[in-house]
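4 protein chains.
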Amino acid sequence: MHHTDGHAPELGVGMVGYAFMGQAHSQGWRTVSHVFDLPLRPVLAAICGREPSAVRAAADRHGWAAAETDWRDLVARDDVHLVDICTPGDSHAQIAIAALEAGKHVLCEKPLANSVAEAEAMAAAARAARSRGQVAMVGFNYRRVPAVTRARHLIAEGRLGTLRHVRVAYLQDWLVDPDVPLTWRLRRERAGSGALGDLGAHAVDLAQYLAGEPLLGVSALTETFVRQRPLPGHPAPSSPPAQVARGPVTVDDAAVFAGRLASGALVSVEASRMAAGRKNALRFEVSGELGSLAFDLERLNELLVHDHRAPGADSGFTRVVVTEPEHPYLQAWWPPGHALGYEHTFTHQARDLVTAIARGTEPSPSFADGLQVQRVLAAVQDSAARNAVYTPVPSGSTDPDRP
Amino acid sequence: MHHTDGHAPELGVGMVGYAFMGQAHSQGWRTVSHVFDLPLRPVLAAICGREPSAVRAAADRHGWAAAETDWRDLVARDDVHLVDICTPGDSHAQIAIAALEAGKHVLCEKPLANSVAEAEAMAAAARAARSRGQVAMVGFNYRRVPAVTRARHLIAEGRLGTLRHVRVAYLQDWLVDPDVPLTWRLRRERAGSGALGDLGAHAVDLAQYLAGEPLLGVSALTETFVRQRPLPGHPAPSSPPAQVARGPVTVDDAAVFAGRLASGALVSVEASRMAAGRKNALRFEVSGELGSLAFDLERLNELLVHDHRAPGADSGFTRVVVTEPEHPYLQAWWPPGHALGYEHTFTHQARDLVTAIARGTEPSPSFADGLQVQRVLAAVQDSAARNAVYTPVPSGSTDPDRP
Amino acid sequence: MHHTDGHAPELGVGMVGYAFMGQAHSQGWRTVSHVFDLPLRPVLAAICGREPSAVRAAADRHGWAAAETDWRDLVARDDVHLVDICTPGDSHAQIAIAALEAGKHVLCEKPLANSVAEAEAMAAAARAARSRGQVAMVGFNYRRVPAVTRARHLIAEGRLGTLRHVRVAYLQDWLVDPDVPLTWRLRRERAGSGALGDLGAHAVDLAQYLAGEPLLGVSALTETFVRQRPLPGHPAPSSPPAQVARGPVTVDDAAVFAGRLASGALVSVEASRMAAGRKNALRFEVSGELGSLAFDLERLNELLVHDHRAPGADSGFTRVVVTEPEHPYLQAWWPPGHALGYEHTFTHQARDLVTAIARGTEPSPSFADGLQVQRVLAAVQDSAARNAVYTPVPSGSTDPDRP
Amino acid sequence: MHHTDGHAPELGVGMVGYAFMGQAHSQGWRTVSHVFDLPLRPVLAAICGREPSAVRAAADRHGWAAAETDWRDLVARDDVHLVDICTPGDSHAQIAIAALEAGKHVLCEKPLANSVAEAEAMAAAARAARSRGQVAMVGFNYRRVPAVTRARHLIAEGRLGTLRHVRVAYLQDWLVDPDVPLTWRLRRERAGSGALGDLGAHAVDLAQYLAGEPLLGVSALTETFVRQRPLPGHPAPSSPPAQVARGPVTVDDAAVFAGRLASGALVSVEASRMAAGRKNALRFEVSGELGSLAFDLERLNELLVHDHRAPGADSGFTRVVVTEPEHPYLQAWWPPGHALGYEHTFTHQARDLVTAIARGTEPSPSFADGLQVQRVLAAVQDSAARNAVYTPVPSGSTDPDRP
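Protein chains in written order, with the UniProt record's numbering: chain D, 1 to 403; chain S, 1 to 403; chain R, 1 to 403; chain B, 1 to 403.
Isolated chain D (complex conformation) (with noise of 0.2 Å):
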């Protein structure tokens, strides 16, 4: 870290990859800064893509000062403290040992890895470098809509108390189409994994994050309901289907488990991308002995809050816009009734990282964390392989605070 005068000393960022999840992560990091009073102040030192000319372009559009080839010259650079990886999941593993090895703080998208054993090789990474005073997040970002982040809050607080239910589904339709094109998140060797890998985790994650405890064990069933695709690169979706050259989907379309929790509440979870309709309809509720909870990510600043000891009068779910300074990150934000979107949650991200940071602590979730969900998905992939039968979730954790 740099220190300038009579500020707080500069973090240097170098984030690899700069589609979709690079754009979102930029505006976090030019933002954060300017919202929130931080230990450190984020600088967009570098940016990494293989194209030349278009990872230029994608540095200035995005304001990132330098540009560069290779993410192993990227992790290299002195100006470079923490290493924000927004590539597919194949190469998360790889880059992140590298950067930690290196001596780099490491945000890495999720899911953490393509397999348990990736996850278990950058946990055991990130372990290592915990000892040296080095941070690794992954990039669990749902978290951190404030209605999330408060929902965590109420359970923990045992507003819910003793946990009955939780449900998450995380609905898409981007793949209803059959003509839409076999790009690398429909192969099994790059993605790892279809809804379940990109939308499962997410659920997942919340699952556990929201209960405050693992997943157990899963029973699941996936389903590929489009078998075949155009190639991308191939005559347009408009040719005579005959002509147009298709190859096979390796990856689920969606994903229906059930499982248990320690504390004995049953969870279900459903992740699909062909749920004609709903955009980005990531909802759970969680019902417990005390109450209930309620959330659609379509409707992000809102939390539906059931408090079961009221009079039965007056009982009911109140939706509360999750707006007000006493809510989680809202301080710094704009008046009550004005609304947050999807963004912010990685200027929160950002926020918690640089917090963590500074202080030397265990940044949440931890690649532990990213490692947990990967054993969930796996289990579920097994359970779905071998007829659904209930599949265990190995523990691992040596952190029994956290999922």
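Hints should not be assumed to be uniformly reliable.
Claimed, not checked - To list a few chain S residues with every Cβ distance to chain B over 10 Å, as calculated: (1) Arg-150; (2) Val-180; (3) Pro-248; (4) Arg-319.
As the list claims (entries may be wrong) - Some chain R residues flagged as far from chain B (calculated, every beta-carbon gap over 12 Å): (5) Arg-56; (6) Asp-73; (7) Pro-336; (8) Glu-362.
Said to hold, decoys possible - Which bits of chain S does chain R cover? Going by a derived footprint, with three or more residues having C-beta under 8 Å, they are: (9) 24-32; (10) 51-63; (11) 88-102; (12) 108-115; (13) 184-191.
Hints are computed from structural coordinates only; laboratory data are not their basis.
A virtual CB, placed ideally from N, CA and C, is assigned to each residue, including glycine.
Use these hints to put chains S, R and B onto chain D, whose structure you have.
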């Protein structure tokens, strides 16, 4: 049936049981011929219960001409042409089979029975009676919420195309309080199962009715969260806990299961009596390649309809208030926007049953349909007992048109 | 009233008119004694209409014992103790006054009359009859939606504190199509006014009922958007427009007005039959210094309740499903979460009227209440005719407890 | 403008005021060129406030290169090409006119001024500057919520046909507590008016923007519910009430008014800071002969669209999540379903203003539009002072295309 001058012939109804369901059925029988043009006019001939003074009071209150204390006497009455069974599940088979053998039409509350064996015997009796012109219907009344019927019609017309997802949840919360007493509904020997048979039966019937095809198999978890409850008639819950005699709950509080339809669609079902804040939330969402539908019984006059072929900029879920004259059953009721309620399902059920009797057509849902639901419930219990392994639902349908 | 052994004495009802309102009232009279414990048992004695065969068919359909073709004969019948007036507004005064003078109780559909002069005569007749033990009620049935009654109770208990805002809108859309024919509802000489008297009367009654105080004055705009409509019985709308005979619409299509209550609260009211897409949207929102309430008749089982004293972080509108046994009228109906519908308001109206008759208490809303609404409607028309100038509502109430 | 090699030329922005609006505008200026392709690149050149240390801190926090303490010095800077005025209304005219005379482009927060006379002078200055190629925009940012812009486009395309109703309500609740202190916003000499100028100005602008035509006249009631409030800087509200020095509130707490558009549509508007539980509820519903639209700023990513030509059985309000690439401004942001927030309106405002400057086109809303809103607000105050009599809004527009 008894013909009277210038009017539709009468259809004498005899009802067994007069608790919640008896009250609801009575309202349907009393109302139906004042609202719909019917080929037969139902007459509330006799009601049956074991306690003489109570059944006499119920007859007066609900408008029944006579009262009986033995269901065999009710079945034997000449003025009873249709036996309406509103008792707990353990007596359904005995009464229904006797009534069918006595030449009566039968309406039987759901679930059809407490076991597959009973349900098979009932379906066989119905099949035999069918050849004698008798009709036997099972009371899955929620098919007759106009928004639900409309949903079925839209799916049958192909408005959703090939189905991908069928999600049904039926959530109530009357068991959240651990001091709710151990009534017959919480004892396996009387009720067969818990949330599964009570709420899950509706959910399974709706999933199959809406899709127009049977569940092929299921993978299930069930749970009893509160395992001991106060015995009824013992010291009240306000007594010191130590003095309250408790007995074991022998049915499930909640069931979660996933399954597959023949078309390949994934099904997810949840039934719970422990979903704090949800009073009667029977919700479904069905997605296909061309659109989606969503419904919640707590807003029973509304159907949400998404047409995936609409231009993206205009696309979304349309909240249709299902009170137009073009909607099912609505021609007979009020002008647009004037809401119907829960009890109307029983009036519609009465209308459809009377129509089937007059026309001599197979009613929907038939006892065969009720048997099919029973097989799914049994498969759910089997799966839950065997580590959630995917358990096929035996196919015994002799009617290829029906679930 | 006629006493029969062991039962509540009978109360003979005679109804004049059998269109939409007649059908709805019939359902209420048929149902009420099967649901509520009543001191008198209403009997559907006779129905009256001008066309002999039609009124006979209506009697059969709706369950009335006898049919009359002259309302004077109906009023004269010994078996009629209560005259229920469901005709257009221009005959209300004549029938109601005659019935009261003949010693009958009266229920009169809203609006009470087509003019203040008629309403004053009716209120005077009711006052005179009151001293003879007779009861006269006006049919503002929406007061008896349980969520609305609950709202009134909360306000009367002081849960909102001093009121600041009362907003009521009643929006329908059946006149959007310019080819809807020119029925009696669109002619001033029959209907008195248009959306104002039909929908606005309900809105005004609710504003005053909820607040518990009268409107002091109003400032209003009204509009007739479609000024010529096809004459009924002439060539159908599908004819070439030139061939369709049209006549002038002499009532308003919509009215917008603001006013003040004695407490200082601002009131805003809108009534329209041209609000495309709104079928029966009677909505209110009432705000006070301690909280707010909101309601929409299209979701009539829900009341939104905001408690402004709750901590900011937990604050919001609670969606109360008004189906708990503690809620008004609900003890007699179904378990929690089982929805009521539009027609239940007529059952509740019948219950409350029968109770007032048996107890000899002033009914609510009384003819005096109906007169007060009529005065507000007249002030609205005056204001609209005089450039919207604020127009006081004359106070003529002799009953300080009521609006 | 300053050209730099290979990039868009720079546009130096100087901002006066740095409270809530200054913070929001800063976020817009910082973000806009990272998201949109712009012909000019805004640079945060200088910020101005009266307190030297505070303005220096604000400059650092919000990313401004320099700080000034006299707005005249800011206007005089060569590196400032655009003056962005975020001060209370009483200084708008002076600063805006000086900036325009100094050859700068101007963005001025709403309401344009505290009086019609000031607004006329500003509009005249803008007209004169326009001939010199300068651009002057008023900050009605809610036009740039994508769902609102979309609504305007649908109306302009004729999707609603001739309009019948325009209802707008802007409800907040921060004055419900009678101990909120007497800040500048509650003093007529600083703020011009209360809820009317603050919230009502937005409502009036939206009504006219959506309809595409001006209000012809209004009839209004206003009210100040809490007439004395604690003076700021005096003993805190927790002091005994007797010891709290209070002063008179000289602006309205709420305003309710109705009006007419040239097309004949009825308009109703309500603005309140006393609507308990409503934090930032800017809602509209617009109905025409072919359809309707509805919106609520508390759910700013949603537009409800009703097409009255759809078959009745399919008809209703479609909830469009306005995050598709085809929607206004969305191409530049995130994938479908990823919500935008309040602050995005300022980024969109910056984009549109920069585009107008580069193209030399008239911005929307122009100072002439701001003047028109001011005339409506003045007519509202006149009407409220004269017994709500319908008060014409003078037409001074020189631009027939605009409200």
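Quick one: which hint numbers does this structure break? Sort them smallest to largest. Those not satisfied are hints 1, 4, 11, 12 and 13.
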